[in-house]
Each structure stands twice: as C-alpha cells, then as structure tokens.
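Novice: Below are the chains, spelled out letter by letter.
Number of protein chains: 2
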Amino acid sequence: MLLGASGFKCLAPNEAIAQQKILDVIRHNYELAGYAPIETPLVERTEILTAKGGGEIKSQIYGLRLLNPAKGAADDSKDLALRFDQTVPLARFVAANYNSLSFPFRRYVIGPVFRGERAKDGRYRQFIQADIDAVGNGSLDLLHDAEMVSVISRIFNELSIGPFTVRIGNRKILEGLLEATGLSSKKEISDALSSIDQLEKVGRKEVLRLLSKIGIENTAATDLLDLLANTGESSAVLANLKSKNLNPLFKEGVEELEQVVTAVKNLSVSDSDFVVDISIARGLDYYTGTVYETRLDKYPDIGSIASGGRYENLASTFTSRKLPGVGISIGVTRLLFLLIKEGLLSAESSSVAPVLITTTAGLEKYSGVYLNQANRLREAGIPTEVYLAPKDLGKQLQFANAKGFKIAVVTQEDEIEAGTISIKDLATRKQITVTNSEFVNTVKNLLQ
Amino acid sequence: MLLGASGFKCLAPNEAIAQQKILDVIRHNYELAGYAPIETPLVERTEILTAKGGGEIKSQIYGLRLLNPAKGAADDSKDLALRFDQTVPLARFVAANYNSLSFPFRRYVIGPVFRGERAKDGRYRQFIQADIDAVGNGSLDLLHDAEMVSVISRIFNELSIGPFTVRIGNRKILEGLLEATGLSSKKEISDALSSIDQLEKVGRKEVLRLLSKIGIENTAATDLLDLLANTGESSAVLANLKSKNLNPLFKEGVEELEQVVTAVKNLSVSDSDFVVDISIARGLDYYTGTVYETRLDKYPDIGSIASGGRYENLASTFTSRKLPGVGISIGVTRLLFLLIKEGLLSAESSSVAPVLITTTAGLEKYSGVYLNQANRLREAGIPTEVYLAPKDLGKQLQFANAKGFKIAVVTQEDEIEAGTISIKDLATRKQITVTNSEFVNTVKNLLQ
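Quick mapping for you: the protein sequence lines, in order, are chains F and L. Numbering (numbering that gives the first Met the number 0) for the first sequence: 0 to 447. Numbering (numbering that gives the first Met the number 0) for the second sequence: 0 to 447.
Chain F with its partners taken away, still in its complex shape (with noise of 0.2 Å):
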C-alpha cells in the first residue's frame, strides 16, 4: 500500500538539502549571465506535444483523463497531456508571446519532464530538467554559443565536484566530413551520424563495420575515425581542422568552431575546462551547428551531464517566422544521484538548520524561554530548531546527531536560574557556558 510509483522518487531530507544546493548553484549561474525564469506550465495540450515528429518519445507521453469527471461538465482532460522536455514548452512560449519578448530573449526554466519509459537505475519517469537557451529573431549571434559553456563551466566549478570537461563540436563539421566520404542523401548520413554516435557503446571495430554498410571505403572511415578520435586543446584540434578544406560545409562549422573557441577563451573559461571533440553528434535531427557535451574526467561511464547545442529553428511547428537558438539542459535527478553516490556530494544531513534548542528543564514550566532562545536566533538569521518534545537529554542530543546538528544549545534549570547557557559543538562535543548576552553572538562565532 506504501509504495511510491515505480520510477517516481521520493527525496528524503537529506536527499532534498542536496538537490537544493544543485539546483541554487545552476540558478545562481544562470542568472549571473543575465538569463531569466519563465515557468511554462507541466501539461500541455497533446497535440503541442506531439507537433513535431519524435519517434521513441511519442511512445512515451503520459496524457491525462479525469478519473470520475463531475457529471455533465465539459471534460477536455483527454487533450491534456505531461510535457517530456522543457523545449517544445520554450517554443510554443515563444511563438505565443513574440510580439511582447525582447530579442535576444535569453531564459532559463527548472522544473520536472515526464517519460513513461521503463524505470531502471539512473533513469526516472519523472525528472528535474535545468535549461538554459537563447532564441534570436532571425538570427543569432555564435557569442550565445560561447557563453553557454561558461555558464556550464562556472556551475560545474561551483559545485565542486571534481574535473570536467565541456567538450565542444559542431554538426556541421561532421555532416561535412560524411559528405567528403561520398555519402550524399540524407538518409545515408543521418544512419552514418547514427553509427558514429554509438562510437563509445559499441567500439571503433562495429563503427567501421556499420559505416561500411552504408557505403564508405574502408580507408576513408578509417580516416575518419582518426580525425574523429583527435580530441584534446582547442587550438590544436583547430589547426589540423583548418589545413583540410573538404567543402564548403565543412569550412563553415570549422569556421563556426573557431568563433566559438576565442570566445570561450576571451571569457576566461579554463582550458583545462573545455576541449574541441568533433565526434559528437547528439540526436539526429535536431541540432544543426554547435554541440555540447560535458563529462566528469573521473567518471567517463556516467555520460554526459550537461548536453545541448544550436538549432536553426525552434518554433517552426507553430510560427514560420525564423527563431534560431542555442541552450544547454542539466538532467538534475540523474546528476544528484551519481553525485551522492560516488560520494561527489554530501546528503549525510537532513538538517537545514545548524542549531537545535534542547529543552531538558521541561517545556511545560519553560517553553517560554526556549521559545525566546529560538526566536533570538532566528532574528539574526540563523535557522534554529527547538525541540519541543518532553525527552530527556540524552535522546535529545541522539536526535541532534541523527539530523546532523552543529550545535546543540543546553540549558538546565539551574542555568535558566542564574541567567546562563551552555552550547555544545556536536563535532568537537566541547561544551561552552555564556551569559545570556553573549548567546547570539557565540552562537554565531561558532558557525562560522
């Protein structure tokens, strides 16, 4: 009877605090480069959603029904369905509300996605999506595509969780390379990306063997493999990409690449921080020129954390007007559960609040004076628990411990009597007695 649904997490405390230092480094960053909230809204008419085409996702769109619609009333449930992505909800946004938005329109948006795909480890059913894009009207200048990897790259340092590394390519760098190997329709080098985007899973053996499939020489993958392989500091990469000039494709995304890299340099994102790979392909049909992805150094298997990339054309289901964008989405669930368990984050307390008032002498005679030692506390801004439930102190200070306290404040009766209290660091366990005055302050000292 308990059970949550399958794939749906439940954040315990602990888990919650750490998700909410995750998600206040990505708002702070995203914010800090001047890109704002909007909240677009969880449900979404089905056939917003369903617009454009999107195979295996159309398979896994929740829509809504009433379960017992009010006899008689008018019952549109059955056209509502679960957003799956922040983008389609970006789009339709930002075809409706056109005329009111200043271009370029720079936002992000944090919230929940829903796939009702097969719940399994790392993957969820419901998940915390953190985008950030920028939407130009007509055109959009590359310099948004450079600052997306510094916004990516100072969140990533925020967070403290170890080398990364953003690695930056381009589609168009890729479909010209496909082109120069003689693959010409369409659909040959949408199955070539496809093949070279499983590079990792299936190995540089199958890849070849795939691509032979679909009609390039053996020689020629062979050479594209290696290029592909030649990842590392940018400038390198770049001058071995721009002694070759294949086509006129080819030239542009090198060209684009270029513009990007001095970008990211001249806002001082590290170069231990970023590198050019042209390997990534990153979904088949969306992106059209820059990709991102981004991985921690020390745990190539999770994948990447944070991806996106430009697309010539967001919103062309619904408006025919040109809107050009580039964005990055963090995948937040997924992330806070690696982070925890590879031990990259701390979830080990399920306190916000680094005080606990204990209330030994009985809250019946004393409530009054804990109250006013909380509310002191509080005042100065310092979040503070009172425990307010007659134990004595020993299961009192069991119960600071397994909530993951600093410091507990102890006051017996005979302290209340003579105007004293005592503070014990639940670390150190060191116990301190002060005066009355004293007590915000030393409290405050402590915590520092």
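No lab work stands behind these hints, which were simulated from the structure alone. Being a predicted model, the structure only gives us computed values, none of them experimental. Some hints could be false.
All copies of an identical chain are treated as equivalent in the list; a pair is satisfied when it fits inside any one copy or across any two copies.
Stated by the list, open to error - Within a straight-line C-alpha distance of at most 30 Å, the following computed DSSO-like cross-link-like pairs (lysine-lysine) qualify:
1. 185 with 243
2. 200 with 70
3. 394 with 250
4. 186 with 8
5. 51 with 70
6. 77 with 119
7. 70 with 212
Based on these hints, arrange chain L on the given structure of chain F.
Specialist: Structure of chain L alone, referenced to chain F:
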C-alpha cells in the same frame, strides 16, 4: 495552435521573477524555523490518492495514460494519477519512512498540485502549494501550533505586502459550542459547521435560518453567532471564553487556544499580526484542534492566503500508528496573481540582471572587449547580460528599458582605444565615464 491548456498558466519572465521572490521568502522562513525540504513526486499510484474519502476532490483527480504505449511493454500508467495536494503524499512518505525519520518531523515542500476543476478567475488547474508541517510520533506539543503562526507572520512581514492578520481558532471550541446548543449527532454538528463556514458568503440571517433547520433554537443560535463574531485582541476574547464553562470539549479547546496564544506571544509575534477567531471551521472532517486563516487587512474579499490547522492523525489510511500533525499551506500561484493585480508586488522587470553591456562598436572587432566587461562584473557577483546582436545604440537602449535593466554600459570605439568605459544609469539617465580599472567598483557602487 499556440494556445496553452486552459487553467495551466505560463509565467513570463517578469511574473516568474516576482514568483521567485515569494518562493525565496517562504523557503527562507520555513528553513529559519528548522523545517527541512522533502520532495514527493507529482505522480502517485491512484489507490494512494483515493484511499481517503473526499467527495468533490475525487472528481478533480487527473489520472494518467500512455498515449501510444510501446508494443508488448507492460503499461502501468492507468494506475497512476497526479497529486491534488501535498498532504496525502506527506502521509504516505511519513508512513513509508517511519523508521528512518526523527520525530517530531518537520518538513516543508513547495511544488505544483493539480485539480481538474473548471478554470476561472483565480482558480488554476496547476498551482504551487508551499506547505509546512510538523508531525509527531504518538503526540505533538501545541507549541508547534504556535510556531506556525510565527513562521507565517515572518513571511508576510518580509514580503511587505501591507498589514495582514493571522486568525487562530480551535475546532474543539466550535464543536463544544454546538454541543451546548443541544445538537448531539455527528451529522447535525457537521451540518452546523458547514453552515457556519458560509457565514461570510451568505450572511448572518441565512445562517440563522440554516441553524434553525438543523434544530438549534433561535435564541441559542443568536447567542452562538454573537460569540463567534467576537474576534479581536486575544486576551480579551480568551477571557470571555474562559468565563464560560459549557462542556469538557469546549473547555479543552479554550485551554489549547490559550496555550497556543501564550506561545505565539513568547515567539514575539506582534499583537497586530494575529487575532483569536473561533468562527473558523476550515473544512469539515479534517482538522481537529487549532485552525488558521490569514487575511490581508485591506483586501478582505481575497479570502485566506495561508490556511491550515491541526489534524489528530495524519496517516490513518496508511498506518495504524498515531501521527498527529499541524501545518499551514500557502497557495502561491493565486497569491502571486492577486499581489500583481493589486499592485502589491512589482512585476515590472523582465531581467534578473541589473546590468546590460551594450556593444555598439561592433561584435566582429570588439566582442573580446565586451565579453571581458561582462566577465569582470560576473566575477564580482553582478548578474550581467551582453547585447549580442548588431543594432545601433538607440535600439540597444530601447531593449534595456523594455526589459527593465538598471544600468547600461556604453563603450564606443574611441573609448575602447582610450581605455575608458561609460556607464549610464537608466533611471536618472545620467552617464559617467571611468577608466577600465575603476569599472567594476563604479558599477557596484551604483547598484547599492
């Protein structure tokens, strides 16, 4: 095609920024009182949500269904539904995690709930509820009831939306009064409570008629309504109540109320922020002791903006353990639009960043300079947007004014060559020119 679903609001940046301000204040004060977040999923198994009676709300529950389930895959979507409040998920969470929780358990949760009712003015089908609850194991001290008043009054003081009043009542007093009029069956008392609940809506005369129909004599009914109308400064109202000794239930309610009020005062809640009002019924079968409502003094028609109370047994449908609780819920979405409409909350700026770097010397040649200006401000913690499109200064300043920036940084080509930067205060239209090295501190000072 572009319409959102009826009853599901989109928040544009100015509205989302205003909402974020409310949510930040709520979260800050919930945490200040030592309440920790949890996150319960938006989707529960239908049997959890429908386990407890609840007439009207049952017709408003949205169930799920996969639109195009993949062939052969097990599809459990038909057993899933969207939550309609935050309390049922809390009850399941506490019952399921009973052994790992420390009691008294304090938690808050802020997130959307869904109700498939007809969308109309101020009623949304998806809206954010910000709930705070304390749950005891077997018993829960009344001091928790008092803390709720302190938290709520801190929130509305910090939001600075004008004078407000938290009304505190107790269901035992109300039920004791009804018993004293001669009603005895649960059904009669419940009907009478329901009539009293409509006092404000239908008026005194109509309620007298309804009460007489239920079987309360006219004199008794008149005395009752007179007593209920006697709200105000807590000591006087309490003294009056204590002078009567109608029956044990009434007496218990008065004693509880007095304890709560004493503790509210010990928590330094200002006398002008709360009153005793024993006419509050708040739902019929749910609350068993303390009940709260909160009104904006100048906008009585808005109704209660923060309501709640004490329930004897949170999770009786999920566990045989007795888990009493007390909580308050703030309906954030409704509050947001009311505050914006009444001009009590500014939703003028669409920018989270106070500073716009204009780029009129041209991005092709000078993007490095402009990106560096942005980067220096961001390093100093100042949210900054760079205008990354080729427009003349007039257009860029138009953009700055439309979005509500405070400062525009204006650096023309000759200034770049001379190593100076001009900073324009968009409110006063004053412009000053400083050297590169004075730049960050000047902006900082202007923003203070």
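Novice: Return the numbers of the hints above that this structure violates; sort them in rising order.
Specialist: Hints 3, 4 not satisfied by this model.
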